[in-house]
Amino acid sequence: MPFSISLTVNGVSRNVELDDPRVTLLDLLRERLDLPGTKKGCDRGQCGACTVLVDGRRVNSCLALALSHNGAEITTIEGVARGDELHPVQAAFIAHDGFQCGFCTPGQIMSAIGLINEGQTGDDPERIREAMSGNLCRCAAYVGIVDAVIEAQKRLADAGRRDAA
Amino acid sequence: MKTFDYVRPATIAEAVAASAAPGAAYLASGTNLLDLMKVGATRPDRLIDITHIAGLDHIDWLADGGVRIGALVRNADLAHDPAFVRAYPAIGEALLSGASAQLRNAATVGGNLLQRTRCAYFGDPASACNKREPGSGCDALGGENRLHAVLGWSPSCIAVHPSDFCVPLVALDAVVEIEGRGGRREVPLEALYCLPGDSPQRETVLEPGDLIVALRLADPTAFARHARYLKLRERTSYAFAVVSAAAALAMEEGRIRQARLALGGVAAKPWRARAAEDILAGARPGETIFRRAAEAALADARPSGDNAYKIELARRIVVRTLTLAATGTPQRLPALPASPFSSVPGARHAA
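Quick note, the sequences are listed as chains A and B, same order.
In terms of numbering that gives the first Met the number 0, the first sequence is residues 0 to 164.
In terms of numbering that gives the first Met the number 0, the second sequence is residues 0 to 350.
Honestly, the hints are just simulated from the structure, not real lab data.
Please read all numbers here as calculations on a predicted model, not as lab measurements.
For each residue, glycine too, the CB sits at the ideal point set by N, CA and C.
Wrong hints could be hidden among the right ones.
[Unchecked claim] To give an idea of the interface, some chain A residues facing chain B are shown, with a C-beta separation under 7 Å as derived from the structure:
1. L64
2. S67
3. R137
[To be verified] Calculated cross-link-like contacts (lysine-lysine; reagent style DSS-like; alpha-carbon spacing at most 27 Å):
4. K39/A with K37/B
5. K1/B with K37/B
6. K1/B with K153/A
Model the full structure from these sequences, guided by the hints.
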């Protein structure tokens with residue numbers, strides 16, 4: 000029996016017929032919706048490479064059943080830039096060498112966006128490291144990642160103040 | 000992963016009715032269940048997705064000063080609820096010391112209570128495990144068992160309950176509301192869990208069809224100002240506890256009027272230490288009495304393998320947690336929640 004779900008991915012409404020109930024949100028994005036930017040690392044919730052935003056919150060898409068997400072709003076790495084203009088977190092990762100091989104980077108960036116939305120860390124590096132501990136980087140670009148999060152957070156706050164003014 | 004039938008009930012009654020099918024399991028966020036299904040350690044025939052049931056994600060303050068937390072409240076939402084964390088700081092600290100930010104955003108309160116052991120042999124269908132396959136034996140005995148139980152274990156199972164959240168919950172007498180085929184009932188969280196004995200496959204007193212719908216806590220006023228949760232792990236963050244402790248003290252004129260103490264990472268259930276609480280009641284806080292309490296808490300402990308070190312480690316984390324609780328709940332949660340290595344102004348850091 001096929002299962003039908005509707006969800007919004009990067010602002011676009013998608014209706015999907017699933018022939019198999021076992022499909023994870025990660026596999027839905029990569030294999031069925033042609034969005035391979037979200038990476039499959041461990042597929043067990045341990046590495047964070049599959050991090051996406053669900054209704055604005057960062058989660059591991061590998062441990063999320065696609066069928067459970069009927070009606071959800073999903074944001075992936077493909078949906079954060081505005082045309083050719085990078086998201087401030089993407090730009091900060093480049094400026095601070097927040098990656099080497101790049102495999103974990105989509106998950107790191109989505110996690111960093113989620114972290115900034117949560118607003119719990121301020122610019123305390125110890126709190127940022129703790130809040131990013133669900134994203135592993137085998138190249139150990141952690142120092143650059145923390146610097147990138149601090150800078151991006153400041154830029155977004157400044158932009159928010161400009162918008163409010 | 001074995002395939003399964005998927006149903007998405009809209010009400011609690013529909014969910015309980017759907018559970019009558021053989022091999023049915025409730026699915027909340029799935030952060031633990033899907034993981035176990037992927038490796039074949041759990042093989043449900045039907046998943047009953049309860050995440051679309053309305054009304055299970057509320058935090059309600061009660062007239063008696065306590066709180067009722069819906070089973071679908073996400074761990075992160077509870078941990079970042081300002082009123083909740085002020086009232087139950089050790090629970091907030093425990094929540095934030097567990098898993099990663101991504102998992103806390105997804106994982107639910109009810110799911111946390113029912114998460115399965117992280118014993119590697121349970122998670123590996125090629126290994127013998129009496130919990131997963133009754134009667135097959137226990138490869139953890141004589142295997143890699145540094146992290147296994149030192150209290151309440153049996154020769155049939157030496158696995159530990161992995162939750163951080165449940166440790167202060169048990170210390171604070173949390174009560175679980177359960178909807179089942181016979182209607183609604185309540186069970187103290189401590190009594191929800193079974194010790195392994197000869198039937199480690201029976202982990203809780205839940206009957207087929209039972210659905211946890213909420214968790215309740217009593218008025219927190221007496222304990223909120225002297226409450227901590229501490230957890231030792233093999234790395235700084237994003238790891239299960241080797242041992243942990245939750246302590247809450249009701250202080251009166253420099254004395255401990257009443258103490259609450261529970262340990263994590265030591266047994267198949269969060270371990271309430273009542274003998275230690277009795278020793279502390281009426282005493283002035285201090286290292287000698289805390290050490291006596293720790294000795295009492297671990298009096299029945301014995302190693303189940305290469306884990307004798309956990310017994311002394313548990314005594315020390317009890318002393319440290321009681322010391323920090325007596326000092327007072329920090330104004331702001333430490334940067335590394337529950338870490339004995341995190342800096343908190345005014346706290347004593349040398350063990």
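Here is what the structure says about each hint:
1. L64: Because about 6 Å separates L64/A from the closest Cβ in chain B, which is inside the 7 Å limit, the hint holds.
2. S67: holds (5 Å)
3. R137: Not OK, violated: R137/A not within 7 Å of chain B, min 15 Å.
4. K39/A with K37/B: holds (14 Å)
5. K1/B with K37/B: holds (8 Å)
6. K1/B with K153/A: violated (47 Å)
Going through the hint list in order, the structure does not satisfy hints 3, 6.
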